[in-house]
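Generate the whole structure from the sequences, applying the supplied hints.
Protein sequence lines correspond, in order, to chains A and B. Heads up: the first sequence runs through residues 8 to 439, numbered per the working numbering. Heads up: the second sequence runs through residues 8 to 439, numbered per the working numbering.
Honestly, I wouldn't trust all of these hints.
[Said to hold, decoys possible] Subject to a maximum C-alpha distance of 20 Å in a straight line, what follows is the list of computed EDC-like cross-link-like pairs (lysine to aspartate or glutamate): (1) Lys182(A) / Asp385(B); (2) Lys290(B) / Asp245(B); (3) Lys367(A) / Glu284(B); (4) Lys403(A) / Glu80(B).
Treat the hints as calculated values from the structure; they're not laboratory data.
2 protein chains.
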Amino acid sequence: MTLLETALQGRITDEMEQVALQEGVAPEFVRKGVAEGTIVILGGNRNRNVRPVGVGKGLRTKVSASIGLYGEESSIDLEVAKIRIAEEAGTDTIMDLSVSGDIDQMLQKTLDVASTPVGTLPLYQALAEASRKFGSSVQMDVELLFEVIERHAAAGVGFLALHCGLTMGIVERAKRAGRLDPLVSYGGAHLSGWMVANNRENPLYENFDRVLDIARKYDVVLSLADGMRPGCLADAMDAAQVDEMTIFGELVRKSRNNGVQVMVKGPGHLPLHKVKETVVLEKNLCHGAPYFVFGPLVTDIAVGYDQINAAIGGALSAWARADFLCYVTSAEHVGIPDREQVREGVIAARIAAHAGDVAKGLPGAREWDFQLSMARKDLDWERQMELALDPERARKVKNARRGRGESGCAMCGRYCAMEIVSKYLRTKRHVC
Amino acid sequence: MTLLETALQGRITDEMEQVALQEGVAPEFVRKGVAEGTIVILGGNRNRNVRPVGVGKGLRTKVSASIGLYGEESSIDLEVAKIRIAEEAGTDTIMDLSVSGDIDQMLQKTLDVASTPVGTLPLYQALAEASRKFGSSVQMDVELLFEVIERHAAAGVGFLALHCGLTMGIVERAKRAGRLDPLVSYGGAHLSGWMVANNRENPLYENFDRVLDIARKYDVVLSLADGMRPGCLADAMDAAQVDEMTIFGELVRKSRNNGVQVMVKGPGHLPLHKVKETVVLEKNLCHGAPYFVFGPLVTDIAVGYDQINAAIGGALSAWARADFLCYVTSAEHVGIPDREQVREGVIAARIAAHAGDVAKGLPGAREWDFQLSMARKDLDWERQMELALDPERARKVKNARRGRGESGCAMCGRYCAMEIVSKYLRTKRHVC
Numbered sequence: 008m009t010l011l012e013t014a015l016q017g018r019i020t021d022e023m024e025q026v027a028l029q030e031g032v033a034p035e036f037v038r039k040g041v042a043e044g045t046i047v048i049l050g051g052n053r054n055r056n057v058r059p060v061g062v063g064k065g066l067r068t069k070v071s072a073s074i075g076l077y078g079e080e081s082s083i084d085l086e087v088a089k090i091r092i093a094e095e096a097g098t099d100t101i102m103d104l105s106v107s108g109d110i111d112q113m114l115q116k117t118l119d120v121a122s123t124p125v126g127t128l129p130l131y132q133a134l135a136e137a138s139r140k141f142g143s144s145v146q147m148d149v150e151l152l153f154e155v156i157e158r159h160a161a162a163g164v165g166f167l168a169l170h171c172g173l174t175m176g177i178v179e180r181a182k183r184a185g186r187l188d189p190l191v192s193y194g195g196a197h198l199s200g201w202m203v204a205n206n207r208e209n210p211l212y213e214n215f216d217r218v219l220d221i222a223r224k225y226d227v228v229l230s231l232a233d234g235m236r237p238g239c240l241a242d243a244m245d246a247a248q249v250d251e252m253t254i255f256g257e258l259v260r261k262s263r264n265n266g267v268q269v270m271v272k273g274p275g276h277l278p279l280h281k282v283k284e285t286v287v288l289e290k291n292l293c294h295g296a297p298y299f300v301f302g303p304l305v306t307d308i309a310v311g312y313d314q315i316n317a318a319i320g321g322a323l324s325a326w327a328r329a330d331f332l333c334y335v336t337s338a339e340h341v342g343i344p345d346r347e348q349v350r351e352g353v354i355a356a357r358i359a360a361h362a363g364d365v366a367k368g369l370p371g372a373r374e375w376d377f378q379l380s381m382a383r384k385d386l387d388w389e390r391q392m393e394l395a396l397d398p399e400r401a402r403k404v405k406n407a408r409r410g411r412g413e414s415g416c417a418m419c420g421r422y423c424a425m426e427i428v429s430k431y432l433r434t435k436r437h438v439c
Numbered sequence: 008m009t010l011l012e013t014a015l016q017g018r019i020t021d022e023m024e025q026v027a028l029q030e031g032v033a034p035e036f037v038r039k040g041v042a043e044g045t046i047v048i049l050g051g052n053r054n055r056n057v058r059p060v061g062v063g064k065g066l067r068t069k070v071s072a073s074i075g076l077y078g079e080e081s082s083i084d085l086e087v088a089k090i091r092i093a094e095e096a097g098t099d100t101i102m103d104l105s106v107s108g109d110i111d112q113m114l115q116k117t118l119d120v121a122s123t124p125v126g127t128l129p130l131y132q133a134l135a136e137a138s139r140k141f142g143s144s145v146q147m148d149v150e151l152l153f154e155v156i157e158r159h160a161a162a163g164v165g166f167l168a169l170h171c172g173l174t175m176g177i178v179e180r181a182k183r184a185g186r187l188d189p190l191v192s193y194g195g196a197h198l199s200g201w202m203v204a205n206n207r208e209n210p211l212y213e214n215f216d217r218v219l220d221i222a223r224k225y226d227v228v229l230s231l232a233d234g235m236r237p238g239c240l241a242d243a244m245d246a247a248q249v250d251e252m253t254i255f256g257e258l259v260r261k262s263r264n265n266g267v268q269v270m271v272k273g274p275g276h277l278p279l280h281k282v283k284e285t286v287v288l289e290k291n292l293c294h295g296a297p298y299f300v301f302g303p304l305v306t307d308i309a310v311g312y313d314q315i316n317a318a319i320g321g322a323l324s325a326w327a328r329a330d331f332l333c334y335v336t337s338a339e340h341v342g343i344p345d346r347e348q349v350r351e352g353v354i355a356a357r358i359a360a361h362a363g364d365v366a367k368g369l370p371g372a373r374e375w376d377f378q379l380s381m382a383r384k385d386l387d388w389e390r391q392m393e394l395a396l397d398p399e400r401a402r403k404v405k406n407a408r409r410g411r412g413e414s415g416c417a418m419c420g421r422y423c424a425m426e427i428v429s430k431y432l433r434t435k436r437h438v439c
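Right under this line is the structure:
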């Protein structure tokens with residue numbers, strides 16, 4: 008029996024207990040969420056021995072960091088180093104999105120090294136293998152695709168990202184619809200190319216039952232990847248995006264009916280005033296399935312600073328009850344992130360997630376801010392550093408400037424405001 | 008006659024023409040905004056020969072960078088370097104917030120070097136001079152304070168930040184109200200200390216007519232600084248903050264009646280769900296006066312990453328029609344920013360401002376995103392770099408990874424998605 012089926016039978020598993028403990032909620036709350044499909048548990052049943060992570064309604068907003076082999080310059084060692092730094096920075100999951108090189112070895116290494124649930128996008132490997140074997144990814148064999156999907160599931164991934172909603176009808180419509188940037192999803196673009204070249208329906212849609220069989224067999228969570236992810240503000244919330252979301256809604260129902268946990272992936276590029284609206288739409292069309300957003304980026308112009316851009320959209324999304332933020336690094340649109348960019352990407356996403364959790368009133372979320380602000384008031388620098396989202400960076404920034412010792416922050420020079428206030432208003436507090 | 012009085016008489020000045028030209032609006036639109044008080048023009052009449060900057064309703068959201076001497080480690084040369092880097096990064100104004108050292112010389116240098124309007128907070132200098140002269144800032148003489156204010160106005164600053172709304176009643180109430188962090192504003196804390204120690208009303212409130220006389224004489228814009236700025240989420244939107252805002256409302260009326268342009272300064276720390284509400288409150292209580300916000304920070308825990316934190320709050324503020332964002336750097340709460348932190352602080356604020364402008368539908372704002380996305384689709388890398396918010400950084404990030412030459416972005420390795428799509432969907436576009 009899968010985790011979802013167990014939950015539907017009213018039983019609480021170890022994974023649900025562990026998630027409940029981490030989140031500070033009742034195990035029954037988690038069970039109910041899993042049964043309803045508003046919560047998925049990544050890294051649960053029959054997977055590797057990792058701490059399961061709950062994603063969904065009423066839980067802390069989670070973040071994911073992507074690594075993987077891309078092109079000649081990549082190396083497994085560097086990607087492993089990125090996994091380590093992403094986990095140090097507090098990512099909740101790792102996605103190995105390798106598109107080239109020794110993808111099997113990279114995935115094995117990822118699963119060995121990562122202490123968090125791992126997600127993959129098996130289509131990338133199937134495309135790469137077809138390309139190697141036949142010289143072009145459009146010659147990818149459907150059997151090969153399903154073989155790779157099962158290979159990843161069997162290896163122990165926690166969630167499989169698959170572009171199951173990209174139908175021929177949607178591709179044709181997108182061609183007519185005059186999108187500025189028709190396809191920016193790597194998988195979506197390749198899959199569309201395959202579909203058009205072979206004049207065949209998307210095998211992940213057409214054979215969704217096979218997808219479900221594998222997901223069910225290994226009890227792995229499905230992440231319905233959006234091939235029609237808008238790649239610029241101009242295309243946000245257009246018919247292609249929404250069409251695919253309606254298909255996702257059907258697939259969510261089918262997945263649940265087959266005992267398979269499922270979440271939905273989302274944009275991408277969205278102006279601020281469409282973020283909440285998009286999340287609400289997903290929750291409606293996809294029957295409350297957890298929403299896993301990529302950014303979203305709220306402007307197209309922040310090249311080199313897309314981690315900041317994504318933090319803005321991510322915070323709004325989390326507030327609007329998106330459940331899971333895929334990080335965007337400052338290398339987005341122009342290259343592959345280095346280690347420091349991975350670290351900053353994770354932290355930026357965590358700031359967004361936490362700000363959203365505070366705003367949506369997640370029980371306990373504000374307590375962290377409260378404790379840090381108490382430490383600020385009490386001029387307890389060590390405690391401030393401990394409570395900072397990234398204590399190492401906080402200490403580094405603080406120590407970069409010679410301070411006046413532990414009692415002050417070096418902000419005010421000789422005429423420290425906090426001394427004035429504590430002297431005259433008779434309360435000890437931090438001022439800067 | 009002041010700029011405001013001229014506008015009220017229906018006349019359009021050179022400054023209004025220049026602002027209209029920069030903003031792509033009609034000069035009459037600017038005149039009307041100035042007359043109504045919903046727009047202020049910084050760096051206008053009788054000031055230095057700088058390009059005037061319009062701040063307010065219907066105009067592009069502006070950003071300001073703060074520099075200044077703080078403590079022994081500061082140097083005028085370093086602060087001058089920061090002015091240059093802030094202006095290169097595209098700040099609209101500079102605030103010189105020196106609290107120690109040779110403040111006169113620093114200000115003169117700032118006015119010499121900056122090509123944008125300059126704001127100051129004269130209270131800081133008055134406190135420092137009192138401290139030097141009498142050994143304590145609480146012995147600051149009221150005459151000295153007004154002398155410094157006039158000194159700054161005469162030197163040619165474009166806007167004067169003054170804590171005119173911090174009354175004894177508000178200080179007393181804040182003492183009783185149980186704020187977690189009663190006073191985090193440097194000026195507010197010192198001024199409260201002075202008021203309590205001397206048992207006297209705030210001289211900037213009590214003698215607001217004298218403030219207006221100076222502002223009128225030099226036609227300088229007033230920025231009503233919030234001494235009760237909340238310093239943590241727990242204190243956001245509390246009675247102390249709102250009390251002071253109601254006083255600002257009275258002072259806005261008085262200023263306008265005296266021909267003085269005025270804007271209002273705001274928080275600080277605010278959770279996401281209080282950002283729009285705070286902006287709406289200010290627009291109501293302060294009769295549509297331009298709102299100049301500091302961040303706001305949407306969580307207390309992002310030590311070392313507060314530029315990202317502030318970008319989230321700034322974007323929401325700009326969308327909610329705040330008019331002017333004071334940058335926050337990644338050194339906030341722990342030290343003084345270095346040059347790179349200044350640069351990132353400005354860029355983060357500009358991302359926020361632009362995202363807000365797009366969302367609020369500012370005419371023309373989305374055009375920039377559209378143009379950059381067109382360049383992306385067309386794989387025109389040089390144009391993408393030119394259109395990036397920070398072309399230098401964009402190029403640096405792009406060049407950090409050896410690419411596949413100008414036609415590609417090095418993202419996809421050998422199996423480039425854009426080639427598949429352009430081959431099979433017969434449209435040239437960028438995919439990564």
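Verification of the hints:
1. Lys182(A) / Asp385(B): 16 Å, holds
2. Lys290(B) / Asp245(B): Holds, at about 17 Å.
3. Lys367(A) / Glu284(B): Status holds; Cα separation ~15 Å.
4. Lys403(A) / Glu80(B): Holds, because 17 Å separates the two Cα atoms, which is no more than 20 Å.
In terms of the numbered hints stated before, the structure departs from none.
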